[in-house]
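Asker: Sequence:
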Amino acid sequence: MQFLHSTLASFVWAYSVFRQFFSASPGRTAFVVWSTATADVARILALLLPLKIIILASHPGVPAYLPFIPPAHKNAGIALLTLGALLFYTFTVYLNHTAERASGRAVTALARRLYPSGLDAGRLFQLQKTFVDLCKIAAALLFILLAGALLFLANPSLLLFLPLAALLALGVTALLLKDRGTGRSPLQVWIVSKHREYVNVIATVVFFGGFLVILVPYVRGAESNVIIGVLSILVARQVIMSMDHIARDVISLRSRQEVIDRLVFSSQEPLDNSQKIWVTRIFDAFPRGRVLELAAQYLGQTASAPGAIESIWTDSPSPGIYALDILVGPRGERRPNRFRVYIYTPAQAKRADHQSQLFDLVAPGAICAPSIIASFEVDQFRCLICGAGDGIPPDAKNWANLRSSLLERIWSYVPPSACADCSPSSQALLPSRVSADFIQPLRLAATNSREMSYVDALSANLEFINEQLDSQPLVLHNPDLARLAVATDGPSHLVMLWGRWSLQPLGAAIFISGLMEGAPARLESLKKLRPDLAHRRWMGDLQLSALCIKLGLHIQLGEFRSGVTTLPGIMNFLDTTLRNSSEHAHLRA
Numbered sequence: 002m003q004f005l006h007s008t009l010a011s012f013v014w015a016y017s018v019f020r021q022f023f024s025a026s027p028g029r030t031a032f033v034v035w036s037t038a039t040a041d042v043a044r045i046l047a048l049l050l051p052l053k054i055i056i057l058a059s060h061p062g063v064p065a066y067l068p069f070i071p072p073a074h075k076n077a078g079i080a081l082l083t084l085g086a087l088l089f090y091t092f093t094v095y096l097n098h099t100a101e102r103a104s105g106r107a108v109t110a111l112a113r114r115l116y117p118s119g120l121d122a123g124r125l126f127q128l129q130k131t132f133v134d135l136c137k138i139a140a141a142l143l144f145i146l147l148a149g150a151l152l153f154l155a156n157p158s159l160l161l162f163l164p165l166a167a168l169l170a171l172g173v174t175a176l177l178l179k180d181r182g183t184g185r186s187p188l189q190v191w192i193v194s195k196h197r198e199y200v201n202v203i204a205t206v207v208f209f210g211g212f213l214v215i216l217v218p219y220v221r222g223a224e225s226n227v228i229i230g231v232l233s234i235l236v237a238r239q240v241i242m243s244m245d246h247i248a249r250d251v252i253s254l255r256s257r258q259e260v261i262d263r264l265v266f267s268s269q270e271p272l273d274n275s276q277k278i279w280v281t282r283i284f285d286a287f288p289r290g291r292v293l294e295l296a297a298q299y300l301g302q303t304a305s306a307p308g309a310i311e312s313i314w315t316d317s318p319s320p321g322i323y324a325l326d327i328l329v330g331p332r333g334e335r336r337p338n339r340f341r342v343y344i345y346t347p348a349q350a351k352r353a354d355h356q357s358q359l360f361d362l363v364a365p366g367a368i369c370a371p372s373i374i375a376s377f378e379v380d381q382f383r384c385l386i387c388g389a390g391d392g393i394p395p396d397a398k399n400w401a402n403l404r405s406s407l408l409e410r411i412w413s414y415v416p417p418s419a420c421a422d423c424s425p426s427s428q429a430l431l432p433s434r435v436s437a438d439f440i441q442p443l444r445l446a447a448t449n450s451r452e453m454s455y456v457d458a459l460s461a462n463l464e465f466i467n468e469q470l471d472s473q474p475l476v477l478h479n480p481d482l483a484r485l486a487v488a489t490d491g492p493s494h495l496v497m498l499w500g501r502w503s504l505q506p507l508g509a510a511i512f513i514s515g516l517m518e519g520a521p522a523r524l525e526s527l528k529k530l531r532p533d534l535a536h537r538r539w540m541g542d543l544q545l546s547a548l549c550i551k552l553g554l555h556i557q558l559g560e561f562r563s564g565v566t567t568l569p570g571i572m573n574f575l576d577t578t579l580r581n582s583s584e585h586a587h588l589r590a
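Be aware that the sequence shown starts at 2, since it is given in the numbering used here, and climbs by one per residue.
No lab work stands behind these hints: they were computed from the structure.
Note that the structure is predicted; figures quoted are calculated from it, not measured.
Ideal Cβ placement from N, Cα and C applies to all residues, glycine included.
Take the hints with a grain of salt, since some may be wrong.
What the hints assert, rightly or not - Per label pair, the in silico range of CB-to-CB distance:
{"id": "1", "residue 1": "Leu-151", "residue 2": "Asp-576", "range": "45 to 53 Å"}
{"id": "2", "residue 1": "Gly-515", "residue 2": "Asp-438", "range": "22 to 30 Å"}
{"id": "3", "residue 1": "Val-173", "residue 2": "Asp-396", "range": "37 to 45 Å"}
Unchecked claim - Below 25 Å or equal to it, Euclidean Cα-Cα: the simulated SDA-like pairs (lysine to any residue) are:
{"id": "4", "residue 1": "Lys-130", "residue 2": "Trp-400"}
{"id": "5", "residue 1": "Lys-529", "residue 2": "Pro-320"}
{"id": "6", "residue 1": "Lys-137", "residue 2": "Pro-72"}
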């Protein structure tokens with residue numbers, strides 16, 4: 002029952018988040034859902050029509066299930082069906098493209114409604130990812146309804162089988178995950194930790210059952226339309242894939258619930274008086290042409306030379322940091338030299354200092370950062386001039402892959418030990434934050450003896466856990482890595498903002514970056530770039546810092562109950578590690 006209640010609660014929560022997006026931009030949200038579902042329908046037709054064409058072309062005449070094609074015009078019918086397949090495929094591509102554009106506008110509308118004073122690039126990326134996942138879920142549900150209407154006419158038996166199979170799979174899963182008071186069995190651990198593989202197994206079994214339902218009438222010799230049978234298989238496959246995607250996306254969203262709730266359900270007041278004062282002061286300090294004159298001095302250019310230097314204000318992804326691009330070169334040149342000037346308000350000046358400390362220790366090119374040309378102050382504002390490449394953010398369509406590639410390159414750099422001395426107290430290394438006092442609130446949230454034993458075991462093994470965390474490889478973590486904070490530079494890219502960097506264990510950085518799925522494979526890829534990772538593994542090793550940072554985030558946010566739910570994972574780590582380490586066997590509580 003707990004699993005069923007949790008599943009229902011997940012869908013109710015997802016609906017409440019989707020309703021927030023829909024209320025901010027109902028037209029665009031509805032269009033994204035409709036176009037995505039319609040694209041799935043068009044994709045099925047684009048697959049079905051070529052099959053019809055092959056059957057028609059190989060038949061000596063015209064099959065009985067194509068009565069609308071006169072035998073005398075068979076070739077014309079083939080040509081028309083071919084054209085139709087091409088049109089459906091093109092229509093699918095067009096719908097996906099327009100849905101992507103509409104989703105960007107819908108996210109912008111919600112961001113403006115929730116955050117009138119601006120939203121940084123990292124949270125904007127999380128908002129967009131959440132919107133896309135929710136729209137996929139809604140589109141999958143809409144497609145299932147449309148497919149149900151089609152199967153009602155084409156194959157009622159299959160229509161009856163699919164929902165029954167889905168309910169049966171849900172019931173079996175609830176039975177397998179039932180708490181029997183003896184701890185999780187190996188099968189339960191596998192289902193929870195490998196939920197994607199488990200969902201794949203369920204989807205395969207359901208599809209095979211649906212295939213048998215379609216096959217039975219043909220085996221019995223009943224008169225059946227081959228095209229209807231093929232259509233039923235295609236529809237069944239797409240319906241099961243839609244169910245699979247719904248389960249995956251809901252699980253993914255639920256794992257990010259804390260982040261999403263803070264983004265979607267928090268409110269931000271419009272600019273207060275102090276913020277308005279700084280907006281006014283920045284325009285007083287930098288009248289038109291003022292930044293251009295200052296930049297020209299540091300770039301060795303002459304502002305009076307016709308077309309030699311010009312400025313373009315650009316949007317900064319971080320509130321309190323303003324930006325404009327300086328273009329140097331003859332007017333109309335295809336690729337002039339471009340530099341970016343960042344203007345930090347006094348409240349954000351510490352970011353400029355923190356970034357400068359990093360670049361004193363690390364060559365910017367080693368971590369995809371821009372070179373710093375100059376730093377100066379105007380009134381109370383800190384200004385930085387840096388290279389900007391082409392100054393254009395990367396394409397949103399390829400951002401997920403590019404972000405993964407940039408993170409891998411940044412994490413492949415081994416930060417010097419001196420970086421630890423530059424970290425402010427608010428970004429202290431993970432081992433120094435996992436202490437007895439820090440985990441004390443978990444005792445308030447433990448509801449039974451088993452959970453209390455987890456807290457006791459964690460407290461008893463803190464020294465060992467911190468030893469393990471201390472030995473883990475560190476990477477540079479940049480929370481400002483988002484699409485609008487990246488500029489293209491020919492074939493490469495520059496991560497423009499580094500004012501909030503910190504050192505994190507690799508596992509913690511992977512968790513914070515939302516890349517837990519596929520973490521073992523990512524570690525194997527990094528081993529080719531970092532020799533110090535050669536003997537590290539994910540399970541029972543680097544995964545610990547990911548679990549601890551997750552626990553720390555829950556505690557910092559006052560989510561003590563959620564913090565307790567992370568303890569079984571840490572206990573599994575301790576069981577595995579201590580079982581294999583007689584040296585620390587006595588530490589087990």
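Asker: All hints are to be evaluated individually against the structure, with a verdict given for each.
Answerer: Now the hints, each set against the structure:
For Leu-151 and Asp-576, the Cβ-Cβ distance of about 51 Å falls inside the hinted range of 45 to 53 Å, so the restraint holds. About 29 Å separates the C-beta atoms of Gly-515 and Asp-438, a value consistent with the hinted range of 22 to 30 Å. The supplied range of 37 to 45 Å is met by Val-173 and Asp-396, whose beta-carbon atoms lie about 43 Å from each other. At most 25 Å may separate the alpha-carbon atoms for a hinted pair to count; Lys-130 and Trp-400 meet this at roughly 11 Å.
A hinted pair counts as satisfied when its Cα atoms are at most 25 Å apart, and Lys-529 with Pro-320 does not qualify at roughly 38 Å. In summary, the hint linking Lys-137 to Pro-72 is not supported, as the alpha carbons are separated by about 43 Å, beyond the 25 Å threshold.
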